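Protein chains in written order, with full-length UniProt numbering: chain A, 1 to 156; chain B, 1 to 156; chain C, 1 to 156; chain D, 1 to 156; chain E, 1 to 156; chain F, 1 to 156.
A hint or two may mislead.
As the list makes no split between identical chains, a pair holds if one copy fits it or if it spans any two.
As the list claims (entries may be wrong) - Dumping the calculated DSSO-like pairs for lysine-lysine here, alpha-carbon to alpha-carbon at most 27 Å:
hint: 1; residue 1: K58; residue 2: K43
hint: 2; residue 1: K43; residue 2: K106
hint: 3; residue 1: K58; residue 2: K146
hint: 4; residue 1: K52; residue 2: K153
hint: 5; residue 1: K153; residue 2: K43
FYI, nobody ran anything at the bench for these hints, they're computed from the structure.
Keep in mind that this is a model prediction, so the values were computed, not measured.
6 protein chains.
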Amino acid sequence: MKYSSIIIFILGIAISGYGQTENQTKMDSTKTERFERGWEKLKEIDGEAGVKVIESLKDISPDLGKYTIEYPFGDVYSREILDNRTKEIAVVAALTAMGNARPQLKVHINAALNVGVTEEELSEIMILMSVYAGFPSALNGTSALKEVLEERKVVE
Amino acid sequence: MKYSSIIIFILGIAISGYGQTENQTKMDSTKTERFERGWEKLKEIDGEAGVKVIESLKDISPDLGKYTIEYPFGDVYSREILDNRTKEIAVVAALTAMGNARPQLKVHINAALNVGVTEEELSEIMILMSVYAGFPSALNGTSALKEVLEERKVVE
Amino acid sequence: MKYSSIIIFILGIAISGYGQTENQTKMDSTKTERFERGWEKLKEIDGEAGVKVIESLKDISPDLGKYTIEYPFGDVYSREILDNRTKEIAVVAALTAMGNARPQLKVHINAALNVGVTEEELSEIMILMSVYAGFPSALNGTSALKEVLEERKVVE
Amino acid sequence: MKYSSIIIFILGIAISGYGQTENQTKMDSTKTERFERGWEKLKEIDGEAGVKVIESLKDISPDLGKYTIEYPFGDVYSREILDNRTKEIAVVAALTAMGNARPQLKVHINAALNVGVTEEELSEIMILMSVYAGFPSALNGTSALKEVLEERKVVE
Amino acid sequence: MKYSSIIIFILGIAISGYGQTENQTKMDSTKTERFERGWEKLKEIDGEAGVKVIESLKDISPDLGKYTIEYPFGDVYSREILDNRTKEIAVVAALTAMGNARPQLKVHINAALNVGVTEEELSEIMILMSVYAGFPSALNGTSALKEVLEERKVVE
Amino acid sequence: MKYSSIIIFILGIAISGYGQTENQTKMDSTKTERFERGWEKLKEIDGEAGVKVIESLKDISPDLGKYTIEYPFGDVYSREILDNRTKEIAVVAALTAMGNARPQLKVHINAALNVGVTEEELSEIMILMSVYAGFPSALNGTSALKEVLEERKVVE
Chain A
1 MKYSSIIIFI LGIAISGYGQ TENQTKMDST KTERFERGWE KLKEIDGEAG VKVIESLKDI
61 SPDLGKYTIE YPFGDVYSRE ILDNRTKEIA VVAALTAMGN ARPQLKVHIN AALNVGVTEE
121 ELSEIMILMS VYAGFPSALN GTSALKEVLE ERKVVE
Chain B
1 MKYSSIIIFI LGIAISGYGQ TENQTKMDST KTERFERGWE KLKEIDGEAG VKVIESLKDI
61 SPDLGKYTIE YPFGDVYSRE ILDNRTKEIA VVAALTAMGN ARPQLKVHIN AALNVGVTEE
121 ELSEIMILMS VYAGFPSALN GTSALKEVLE ERKVVE
Chain C
1 MKYSSIIIFI LGIAISGYGQ TENQTKMDST KTERFERGWE KLKEIDGEAG VKVIESLKDI
61 SPDLGKYTIE YPFGDVYSRE ILDNRTKEIA VVAALTAMGN ARPQLKVHIN AALNVGVTEE
121 ELSEIMILMS VYAGFPSALN GTSALKEVLE ERKVVE
Chain D
1 MKYSSIIIFI LGIAISGYGQ TENQTKMDST KTERFERGWE KLKEIDGEAG VKVIESLKDI
61 SPDLGKYTIE YPFGDVYSRE ILDNRTKEIA VVAALTAMGN ARPQLKVHIN AALNVGVTEE
121 ELSEIMILMS VYAGFPSALN GTSALKEVLE ERKVVE
Chain E
1 MKYSSIIIFI LGIAISGYGQ TENQTKMDST KTERFERGWE KLKEIDGEAG VKVIESLKDI
61 SPDLGKYTIE YPFGDVYSRE ILDNRTKEIA VVAALTAMGN ARPQLKVHIN AALNVGVTEE
121 ELSEIMILMS VYAGFPSALN GTSALKEVLE ERKVVE
Chain F
1 MKYSSIIIFI LGIAISGYGQ TENQTKMDST KTERFERGWE KLKEIDGEAG VKVIESLKDI
61 SPDLGKYTIE YPFGDVYSRE ILDNRTKEIA VVAALTAMGN ARPQLKVHIN AALNVGVTEE
121 ELSEIMILMS VYAGFPSALN GTSALKEVLE ERKVVE
């Protein structure tokens with residue numbers, strides 16, 4: 001089963017201590033909490049797509065995987081001043097405007113759909129970005145949206 | 001009074017036809033509608049700050065002023081799929097992430113406050129952007145927020 | 001025939017009123033003119049490549065398709081202060097420097113060739129961009145130029 | 001004495017709990033360690049300039065201040081695979097290339113000088129960036145270096 | 001007289017050999033030609049503004065000054081496939097779109113005016129950039145144009 | 001043999017004079033030295049990957065190929081204030097942060113490995129960039145690193 005390999009991976013990080021220094025091992029006892037909250041949040045919002053990102057880091061940079069869970073998800077996404085919908089709208093807008101992070105834009109279009117942002121609202125964000133980041137960003141964002149919608153249809 | 005000069009400016013554009021070609025004069029009869037809707041929307045959302053942007057273009061590029069009213073405000077901001085609050089959250093996120101448009105970021109922080117986004121929510125967007133565009137963008141966005149809040153206090 | 005589907009698409013936008021609000025329907029009577037001028041301009045400059053971009057938006061975001069025709073082509077490209085050659089040189093330079101919009105760069109390299117910019121002049125713009133945006137932008141712009149030239153050979 | 005106000009600020013964050021949710025208070029017991037390590041690291045590398053950045057956040061976004069100490073300094077800068085010199089060289093190169101974060105570039109030019117990178121080496125990084133991000137980035141980076149060197153002379 | 005200090009500066013570079021290694025001294029005999037051609041080109045196109053940029057590098061990074069004369073001006077600007085007008089139009093478009101190099105944008109707006117690009121054409125490039133890089137870039141480019149025009153009036 | 005075609009290519013540039021003007025032919029006698037030094041440096045640092053970049057320019061833009069050898073390698077990389085390791089660390093950091101030049105990032109990850117930067121150190125640079133350019137840049141940089149490592153395994 002897929003999740004077993006994830007659990008092994010989590011244990012793997014805890015045990016392997018890859019790239020851990022004296023200084024950093026102090027962190028271990030406290031890591032669990034932020035990490036676990038982050039991991040739950042990542043699964044809640046990004047689902048499979050987020051899990052795959054972390055898995056792809058397993059061999060090459062487990063520490064970046066750990067930090068990705070801890071800071072963006074354990075710290076930032078776990079904050080409750082903005083709801084999940086609002087967060088994803090902000091993030092999709094930003095990644096569309098930046099125009100240089102298509103894989104992450106697709107992950108967050110997925111995440112946005114997962115937390116209740118509609119397809120129509122996502123199109124609308126792209127139209128809005130044509131004003132602030134130009135038509136190429138809006139068109140490339142819309143093409144990313146199209147790809148995500150097609151990929152979700154295949155899975156269903 | 002200030003608005004009289006704006007009205008003169010609007011008439012000025014209509015009459016002067018600066019840079020208008022044969023082809024473009026066809027547009028004149030239809031311009032009024034999008035332009036007027038855009039002008040109302042700009043005043044509603046951006047208030048004084050938006051009006052100043054347009055005024056600053058009067059001599060140097062009245063056509064860019066016209067387009068700024070027509071496309072971003074007359075067309076895009078007048079759409080109603082996303083409410084004003086959501087639009088401003090998306091725009092503030094995007095401009096913070098891009099990190100190269102501080103004057104416009106400040107206009108839109110103002111606009112966001114005008115349509116009911118709270119100071120706390122704006123701080124939150126900056127924190128969120130630390131994940132996607134890095135801490136420098138988040139810190140510079142927060143400093144823009146600070147400046148806007150101070151400027152608004154002075155005016156009150 | 002291909003164009004019939006485009007005509008149906010245009011009618012489709014006019015009729016469907018997808019995402020149209022009370023406010024926006026006022027626009028309908030006046031839309032035709034800018035839209036038609038834009039559509040002619042798009043076909044004149046971008047040819048097939050431009051038409052494909054609009055077609056790809058048909059299902060996912062017809063309104064972005066409409067705006068792409070109206071503002072960039074109906075308004076901006078229809079202006080006559082800069083000739084088509086000069087416009088395309090400016091746009092190819094900008095997209096090469098930005099380095100994050102390869103599909104649009106390729107459309108505009110095609111457009112530049114269509115309006116008489118030579119292959120040699122396009123190479124020259126890329127060399128110029130090595131100074132302002134660095135060698136990676138210049139190299140990636142040149143590789144986009146190479147791809148476009150090869151694609152045009154296949155079609156001929 | 002200046003540091004007393006910092007201690008008050010740290011306590012202030014711990015007590016105020018500004019923006020803290022149920023969920024986030026779990027973090028409190030573990031915060032201290034990463035935070036303290038980060039705070040020491042920030043003072044070691046960035047000195048006064050870094051402390052000022054955090055202080056400027058006190059009223060507007062104490063949580064961004066906390067995260068800036070915890071993640072960049074407590075987590076990342078505390079890693080020991082790259083030494084401080086190498087880290088600062090990488091960061092100065094990146095901020096020069098990005099070209100949209102002058103305040104942070106100046107903080108890190110200062111930091112680089114603090115950890116033993118020479119003025120000549122910093123000039124050299126700017127020259128290197130002329131190749132990858134273009135001459136404007138290299139020239140603006142060099143002008144930031146010049147400003148920092150002049151500011152340091154005044155302080156001495 | 002101002003130019004005497006420039007001549008001393010040029011000699012200074014030739015003599016000082018700041019940062020020159022064994023390897024690089026080989027370059028000395030051949031440097032003169034590209035350097036001189038570049039220096040003439042820089043004065044022809046950028047005039048005073050360009051000279052000031054080089055002078056500002058005298059103490060901090062004479063080698064970046066030398067390279068700025070040699071590669072952008074001695075090599076690239078001396079090419080004759082695009083005329084000066086076309087080169088400046090491309091560069092102003094690119095720097096407007098990038099939006100993170102205002103000092104260089106102003107130098108090149110000046111340069112464009114020096115080689116016969118009109119104020120109206122420069123406004124037009126900014127309008128064109130609203131499509132490709134968004135309205136903030138277009139507005140900030142237009143504000144740079146306005147500043148340059150005002151500075152040139154003061155000098156006259 | 002592969003190198004023979006490169007030698008023919010070098011001769012080809014020298015002879016063909018593609019795009020050479022009166023003015024530029026003056027350069028010919030002096031070109032050899034910077035070009036040769038650059039060519040040796042490029043082969044030393046970038047190896048096969050660098051040679052391929054130059055070869056890919058042969059037909060489309062031999063002059064960009066020549067400049068790429070002369071300025072980045074003949075001038076900048078031949079400087080000896082920073083050693084090769086330090087240069088590559090700075091360049092990998094910059095290209096990761098910019099996030100819009102993946103082919104060049106991969107060439108320089110290869111180059112970094114060639115001059116003794118370890119896989120672990122490269123991962124570390126990506127982690128560092130998560131702070132300054134955001135997690136998407138760090139994740140995409142790490143994925144480029146992963147690709148390069150896999151490609152190098154296949155070749156061995």
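**Report entry** Broken hints, by number
**Finding:** When the structure is compared with the hints, none of them turns out to be violated.
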